[in-house]
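Asker: Work the whole structure out from these sequences, hints included.
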Amino acid sequence: MYSIEENKVDNHFGKERNTMALTEEQIEHYYREGYILVPGLVSLNSVQTILNASPPDVHGDGWQAQIFDHNDPLKDAKFHQLLVEPSVVSAVESIFAAPSRVFYGMRAVVPAHGGTGLPWHQDNQYTHLIGGALNVFIALCEITPDKAILWVAPRSHLRGRLPSRESDLYDGGHREAIDSPENGIPLPTLHPGDVCIFDRYLLHRSLKNETDEDRFVYAAQYQAENTRVADTGKKDPMRMLTSDLRQRWSDAEI
Numbered sequence: 000m001y002s003i004e005e006n007k008v009d010n011h012f013g014k015e016r017n018t019m020a021l022t023e024e025q026i027e028h029y030y031r032e033g034y035i036l037v038p039g040l041v042s043l044n045s046v047q048t049i050l051n052a053s054p055p056d057v058h059g060d061g062w063q064a065q066i067f068d069h070n071d072p073l074k075d076a077k078f079h080q081l082l083v084e085p086s087v088v089s090a091v092e093s094i095f096a097a098p099s100r101v102f103y104g105m106r107a108v109v110p111a112h113g114g115t116g117l118p119w120h121q122d123n124q125y126t127h128l129i130g131g132a133l134n135v136f137i138a139l140c141e142i143t144p145d146k147a148i149l150w151v152a153p154r155s156h157l158r159g160r161l162p163s164r165e166s167d168l169y170d171g172g173h174r175e176a177i178d179s180p181e182n183g184i185p186l187p188t189l190h191p192g193d194v195c196i197f198d199r200y201l202l203h204r205s206l207k208n209e210t211d212e213d214r215f216v217y218a219a220q221y222q223a224e225n226t227r228v229a230d231t232g233k234k235d236p237m238r239m240l241t242s243d244l245r246q247r248w249s250d251a252e253i
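Each residue of the sequence shown is one higher than the last, beginning at 0 in numbering that gives the first Met the number 0.
Possibly wrong hints are sitting among the right ones.
Said to hold, decoys possible - Per label pair, the in silico range of CB-to-CB distance:
id	residue 1	residue 2	range
1	Asp145	Asn225	38 to 46 Å
2	Arg247	Gly183	35 to 43 Å
3	Thr48	Asp235	27 to 35 Å
4	Val228	Asp68	14 to 22 Å
5	Thr231	Arg31	25 to 33 Å
6	Ala229	His69	30 to 38 Å
Claimed, not checked - Calculated cross-link-like contacts (lysine-lysine; reagent style DSBU-like; alpha-carbon spacing at most 35 Å):
id	residue 1	residue 2
7	Lys233	Lys74
8	Lys77	Lys234
9	Lys207	Lys77
10	Lys77	Lys233
11	Lys74	Lys234
12	Lys207	Lys74
Keep in mind that the hints were calculated from the coordinates and are not lab data. Keep in mind the model is a prediction, meaning the values are calculated, not measured. Note that the Cβ used here is the ideal one computed from N, Cα and C, for glycine as well.
Answerer: Right, dumping it as structure tokens:
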């Protein structure tokens, strides 16, 4: 079982752990650049809980995901607890200035020894959402630049939904941008509990994991309460309010 170490998250980036709502300066950075780094937003206890609930074996050499099931939200609930993590929800709703709905949740693993991440893409190249919508990339282990670190293209969210095609990776099912951005940058080394929050229009990618350790993250995606699906103009009735999901899990004593 992978186990995190407390001293890996103290004092990096020269900032203290952030467990409160985002500041106005952070929110301005998010809207201007399309993303924001929030060191230590998720507690080590919460990270370790997810790791403990995760299947221990990683097979193959490709990007792998275990996904939250909207049709059966009680299934593997302990594994998806970060979807209702108070510090995460507080940060998300600071950006939305509105209640949030859970759009998507998954544990994503890029295996060691050359496991491949995903090419440049926007989340809105999948289901196109109109209104507030974002991704919270939560490091569940130390992620160095050679460990399939997340890359972002600052301000690419301002260009709207860009042309894409089905990726050749993983037998289809993934999208990739037709044109790669010229200003892509890798994030600095992330430690367990560090978070990158980014807009659903932001171009992002991850490369190969060249280390001898698997890379673990949890990707929690949210939409604002009144966000609509572009193709239909409707709200998606399956997307529960974060508060309702937390209450359902509480009632089930999870």
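Asker: All hints, please: hold or fail.
Answerer: Consistency of the hints with the structure:
A hinted range of 38 to 46 Å holds for the C-beta pair aspartate 145 and asparagine 225, which are about 41 Å apart. At roughly 39 Å, the beta-carbon separation of arginine 247 and glycine 183 lies within the given 35 to 43 Å, and the hint holds. Checked against the hint of 27 to 35 Å, the C-beta distance between threonine 48 and aspartate 235 comes to roughly 28 Å, which is consistent with it. Separation of valine 228 from aspartate 68 is about 19 Å and conforms to the stated range, judged on CB atoms against 14 to 22 Å.
Separated by about 31 Å at the C-beta atoms, threonine 231 and arginine 31 satisfy the suggested range of 25 to 33 Å. Under the hint 30 to 38 Å, the C-beta atoms of alanine 229 and histidine 69, about 19 Å apart, miss the expected range. Restraint check for lysine 233 and lysine 74: satisfied, since their Cα atoms lie roughly 26 Å apart, inside the 35 Å limit. Taking the CA atoms of lysine 77 and lysine 234, the gap is about 27 Å. The hint holds against a cut of 35 Å.
Between lysine 207 and lysine 77 the alpha-carbon distance is near 29 Å, which keeps this suggested pair within the 35 Å criterion. Distance hint between lysine 77 and lysine 233 is fulfilled; the C-alpha atoms sit about 30 Å from each other, no more than 35 Å. Taking the CA atoms of lysine 74 and lysine 234, the gap is about 24 Å. The hint holds against a cut of 35 Å. Note on lysine 207 and lysine 74: the hinted pairing holds, with a Cα-Cα distance of about 31 Å set against a maximum of 35 Å.
Hint compliance for this structure: hint 6 alone is broken.
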